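4 protein chains.
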Amino acid sequence: MSNLIWAKGATTAIDDRIMRFCAGEDVILDRHLFLYDIRASKAHALGLLNINILSQEEYDSILEGLEELTRSYEEGNFILDERYEDGHSAIEAFLIEKLGDAGKRIHTGRSRNDQVLVATRLFLKDTCQSAGEIARRIATVALDCAESTMMQPMPGYTHLQRAVPSSVGMWFAAIAESFIDDANLCQFTSSYIDSNPLGTAAGYGVNLPLDRKATTEALGFDRMQISPIYAQNSRGKFELQVIDTLSQLLLGVRRIAWDLSLYATGEFAFVDLPDAYTTGSSIMPNKRNPDVVELLRAAYSVVAGARAEIQSVLSLPSGYHRDLQNTKPPLIRAVNHALAALDLVPDLLANLTFDDDALRAAISDDMYATDVAVELAASGVPFREAYRQAAADTEMRSGRDPAESLQKRVSAGGAANPLLLELRDRLKKGSR
Amino acid sequence: MSNLIWAKGATTAIDDRIMRFCAGEDVILDRHLFLYDIRASKAHALGLLNINILSQEEYDSILEGLEELTRSYEEGNFILDERYEDGHSAIEAFLIEKLGDAGKRIHTGRSRNDQVLVATRLFLKDTCQSAGEIARRIATVALDCAESTMMQPMPGYTHLQRAVPSSVGMWFAAIAESFIDDANLCQFTSSYIDSNPLGTAAGYGVNLPLDRKATTEALGFDRMQISPIYAQNSRGKFELQVIDTLSQLLLGVRRIAWDLSLYATGEFAFVDLPDAYTTGSSIMPNKRNPDVVELLRAAYSVVAGARAEIQSVLSLPSGYHRDLQNTKPPLIRAVNHALAALDLVPDLLANLTFDDDALRAAISDDMYATDVAVELAASGVPFREAYRQAAADTEMRSGRDPAESLQKRVSAGGAANPLLLELRDRLKKGSR
Amino acid sequence: MSNLIWAKGATTAIDDRIMRFCAGEDVILDRHLFLYDIRASKAHALGLLNINILSQEEYDSILEGLEELTRSYEEGNFILDERYEDGHSAIEAFLIEKLGDAGKRIHTGRSRNDQVLVATRLFLKDTCQSAGEIARRIATVALDCAESTMMQPMPGYTHLQRAVPSSVGMWFAAIAESFIDDANLCQFTSSYIDSNPLGTAAGYGVNLPLDRKATTEALGFDRMQISPIYAQNSRGKFELQVIDTLSQLLLGVRRIAWDLSLYATGEFAFVDLPDAYTTGSSIMPNKRNPDVVELLRAAYSVVAGARAEIQSVLSLPSGYHRDLQNTKPPLIRAVNHALAALDLVPDLLANLTFDDDALRAAISDDMYATDVAVELAASGVPFREAYRQAAADTEMRSGRDPAESLQKRVSAGGAANPLLLELRDRLKKGSR
Amino acid sequence: MSNLIWAKGATTAIDDRIMRFCAGEDVILDRHLFLYDIRASKAHALGLLNINILSQEEYDSILEGLEELTRSYEEGNFILDERYEDGHSAIEAFLIEKLGDAGKRIHTGRSRNDQVLVATRLFLKDTCQSAGEIARRIATVALDCAESTMMQPMPGYTHLQRAVPSSVGMWFAAIAESFIDDANLCQFTSSYIDSNPLGTAAGYGVNLPLDRKATTEALGFDRMQISPIYAQNSRGKFELQVIDTLSQLLLGVRRIAWDLSLYATGEFAFVDLPDAYTTGSSIMPNKRNPDVVELLRAAYSVVAGARAEIQSVLSLPSGYHRDLQNTKPPLIRAVNHALAALDLVPDLLANLTFDDDALRAAISDDMYATDVAVELAASGVPFREAYRQAAADTEMRSGRDPAESLQKRVSAGGAANPLLLELRDRLKKGSR
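Residue numbers (my numbering), protein chains in the order written: chain A, 25 to 456; chain B, 25 to 456; chain C, 25 to 456; chain D, 25 to 456.
Next comes chain A alone, as it looks inside the complex:
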């Protein structure tokens, strides 16, 4: 929007409002992309060197300049703020001021369109990797916890009504398997978006033999995004894929948080949350509120909002439109919030204390009815009749013990046969 300041004929008052509206918080958000943008600029410079747009000296000086900018930014000396239109022009301006003509060449054959695409792509790839790593950590913690608690009885619910005896370990194993799947999804999504848009310019290619192979390799991309129009059209599409991936993980987090929120009530009283995950009430010092668990439950909503926002922008014909700038705030917001939420889960799980007495007290005799029915069926009574007998005969289910019930759950995945080793194996090598 820098050109706006040169616009004539409109009152300053109008221009200010317009400029603020157009700029939004764009340059501030670019802080999350800035280092990726610099990395991509290095790769672009290498490509220009390879086709002789840059001399070796020019290339060297640009590389040095970009490294200086990186350091300066990381050390907090270079501040990316409203003085710049965006991160892209900040980089170019820095190079021009420092290097003169060499700096003026860096933008050759490049447009801000492919520049923002490539920086965002690198950011998305890192997001997938981080999410995958945390998913693996969650699964590992959950497997460890499952191992030690597989035979600790806990009521199993359907419709939130007590149904059949279950175990704390079965609850942990469910978390583990879910995040193992999620980790695979993260890995796939990373590969799905692992294609280099740098070199597609404004969406229609450019009259230069850009060395796209070299930039693809230099940036560690798996493949080239070949079509320049597709590169443009994938803006938002790839963002959604990453956000949908995070959604899958956060569905799991929400489920955990819902369970813990119930288990931590005075009525269930199954679990003590780790101290660091609760807060005192500002009005009742006796209370410990499960604030962190509640905020984890709400984390999905941030990602759901971002998805709705981005998909709403994308109803557009091919090519770049300024509307697409509006995909940036929800993306960065969702990614940061999702990773922060996920990052809290491993310690939370590792530090839960389940109350054995409360758990056992909640397992009542009627919960053995299914065991009885299946026993009868196994002994030859057709199941539909066994079911009726088990319903009528309350004596058969009295005096039973949850531990015993668990030991008979021998089908794969049951407490007596939880296949935790196979899950660890899947975690190690992926399930496919």
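Read the hints as simulated data drawn from the structure, not as lab findings. The reader is advised that the hints may include incorrect statements.
Pairs count within a copy or across copies, as identical chains cannot be separated in the list.
Keeping only pairs whose Cα atoms sit at most 27 Å apart, straight-line, the calculated BS3-like set for lysine-lysine is [unchecked claim]:
| # | residue 1 | residue 2 |
| --- | --- | --- |
| 1 | Lys432 | Lys452 |
| 2 | Lys66 | Lys128 |
| 3 | Lys452 | Lys237 |
| 4 | Lys432 | Lys128 |
| 5 | Lys128 | Lys237 |
| 6 | Lys237 | Lys432 |
| 7 | Lys311 | Lys237 |
Values in this document were obtained by computation on a predicted structure and should not be read as measured data.
With chain A held as given, fit chains B, C and D onto it using these hints.
Relative to chain A, chains B, C and D alone:
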């Protein structure tokens, strides 16, 4: 809800309203799952045979019964309608009526909870395969079209403003690459959900040594969904993954439809839509309206609505809740609509007629400004200065030809170097 | 799409798929609009009579024809199904077949565009009225229940943790006030959309002096929708307003359902749901599952999905587009489901049984800490210090009685001063 | 979360992550609520004075303190930032530090729960008023423009295909009527939420005779929100109502932006956007891109995202939950963005220049077919036959003039009878 009819103490009037509300269109929707449910019942029977709950004769008679039911259903003799509570009980009732005790054994160690999970899972897998196949067909058609039109000039737009010369082929190539990526996504999602929930009963396993390996193999699943609680918790989660996958494809369809909707206006007039894809107006016989294209543009919304609906249901603690029944209507609606929409795309693309004259007439001299700037940059002028010269010197861009401009677009993905063979290659073997 | 059958040059196979895709379930959905469409046709005929397009005899015969069609449809003799393109053409065809030339005049100055608008508008107005009536019924029941239970102690929760004593009546009063607000919203929304689009034709008016005043009056509209382009552009917009209104009501239903779902667990055990609102388990005859409550909790999702679907369609330029047909399925689905869900709430509330013992047992001594702190503050201790004393001195809060605590809750809205009469008053006359 | 710093047993590393996650940007967002919070604190102090919790001197000093804080905040001396947990505690801390015991009394009978509710409520009311005012300004500008351009011919489109002659003024009149409706909606929504939650404490009232009438009056609320539980449960519900209201307005903005985006293409070329609303391209100096229009088109998405986010949080039982903090960021984001977008529309509309020649050139002979058919119908030919004749006889529609066609559009709302005065009247007094 069949038990409701035995409920006492409430007026009939109330019961009717309640029953209708609870039943919804559930049994009708089960038509889309019925054959999968039967297939899974066969596998479950095999598992019961393996652990001696069923004798060989019982198993044989059940298998025969299920095959008869399949035929009868396919021939339209067995109608699944409101007389049944749902597809699950229809199958069991059929077997009991036909076989007596053997039929009464089929539900041993199974719950409707894992029954609906496994039938839905098979439906989802088929959905992914169908979507992947259509994606491949779209990509193939688009590549064929791209080949023959790569040098047919068309304006390239940014901000819907004419920007630089592009080509019809570049537009088709963008579609191709997008659907190649999509096809890979379909394949991954199929593998992501390719895990067998049968044998997890109501979410807590069962006191029988069910032969889950055998049912997993018999149903062609890649792996077992081990944790019974996770099996329950994955309801909705896997549905969303499939729906998000369809979303990615339909984003592409919406983009195509937007482009064609514009190109078919009297003002652009770039394209003639195939006759079968347009309709006459009820008020003006001279008009041909692009109804199909408009409905294709709107197809994304069906999937977006389904996603919002399902994710809204899923804010729940672990285990089965009746709320989850509400994931079925949006899922089936979205899948059917998405596949129907996608299925129309290959022929649509194959039968477009682009108007060469209109396309050329829309390419004006100022669209060569970027070519000029890059030429200057290639000849040694620093790009930022080349840009200013190209802006000022309108003469340099006059008298140029779009075909010439396209021939100089030699970077990978440009009209002169579109790498269609590599795209075909990716289509064949997947991009990773 | 009727023209499609005349389309040449495309294979039948293609045509069938296209026709099915375009038709969707449109004509079936028109059943919900058909009687409104007939009513609007009567009004349109009156308007044509007034400007002498129809003679008195023609008008009389058309009126008679439309009344016959109404009866025939209501009696189930006239079936609106796939033989017709849509409800609009069914009406016109019926009149033409019956009346000849008079029938051929009914569409003069009208387009299907304003026809669907006016029928939908009438449907939406009825929806608002129905929703408002049910909201009032819910509020009335809740007020009645609140009156008799205002002093029945129940724990009050924050963060799902026991916080301070509350009462069953306070819970009911919250429901009442919420639905009183909602009833006002329904009334407003009804007036917001109460404008007549009939006579705007295809969105640009018509070269006839249509008597729009007469049709506005005949159909009971509050005002005319003057601008023909706005009439088109309000498609979807008004639907969303009605859906958002239903959302407000269903947020309240979801909240009630969540509370009851918890209160009905074995752990809380505060409430017995009326028998008709629970179902037996197919696997455990001792269980009563709160299925209806769970489906009520999920009802919001249907409306949320419809909203997402409609808003996604609406990203369009001015004027009619075929995309808009896709607003019909989600609208009708959401309205029907929302009204069915709401309709179950009054009886549900009226038939709840709260368990006094369980409620009292859940109120522990620490829940009086706030009472103590406020007492100290009232006696002159600065609150921040009173708070600390109350925290430290556990003795002050022991031996208290919940009924006593409730009797001191004298601020407006507290158990001892619930202002139910004022709420009844607002219900009667609206709150503004 | 301040208590977290006292938590024992967890490493500092963990605490920091947790604290950051819990705090989010909460205190920064409170800047948008801070002055409302202070206003509400004044009213609360008055209420405490009335029931003798505060002496007159204490009240006076508190009032003075709050006024000082207001000034100091407005002048930028008091900075609300991460040093404070939130705006609420910042106010209390300021008063305690300044006034000692008097300050320690301000929180008597109040909880942060009703404090955030009342501040947010005042913010929402102001939002409705601002939105309503802008809607009125947009409608006024649109009416003025409509007046001067009612007979300026412009093609009318259906399906984006040229349909019948329309006029620039008809386009403006559509905008006017839409925003007149919207203004009424803003007014209603303001009254819908115009109820005072202050005095409901943590959701269950308090053992003090708080003077809620006085605070309701002092804050200018229309009525009291009586039920304390409803006060809590309305969190999010009222936010959604305001956001849905803004959605209605932004649907209108998106429609305008879509139209202008098309009209500004080289192919339509109907309109010149005001200079201040376009920007130069960074790559082609000859281009003027309609960036502002595109960002206006995208503005709806911000509100759609916020809606999705808030509604996703709200699936909760009654009472306060920390999840609700997550309603604040989307609310404030949506309100600010929506108002900023709306604020740009009046000047944009006022400064459009329509190109008479381009508009006329786009009106072709076939667009008169409907006129012809209606003329025939008016002369006695049954419409269905008139329609066929008009279709066949291309001569009857040739040589016509758009201005003439417009002059015959005499039905209410047509170019020759646009009832702009009635619209102005509705704007003045509301439409009901």
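Verification of the supplied hints:
no. : hint            : in the structure
1   : Lys432 - Lys452 : neither (29 Å within a copy, 49 Å between copies)
2   : Lys66 - Lys128  : within (14 Å within a copy, 59 Å between copies)
3   : Lys452 - Lys237 : between (32 Å within a copy, 21 Å between copies)
4   : Lys432 - Lys128 : between (75 Å within a copy, 23 Å between copies)
5   : Lys128 - Lys237 : within (24 Å within a copy, 65 Å between copies)
6   : Lys237 - Lys432 : between (59 Å within a copy, 18 Å between copies)
7   : Lys311 - Lys237 : neither (61 Å within a copy, 32 Å between copies)
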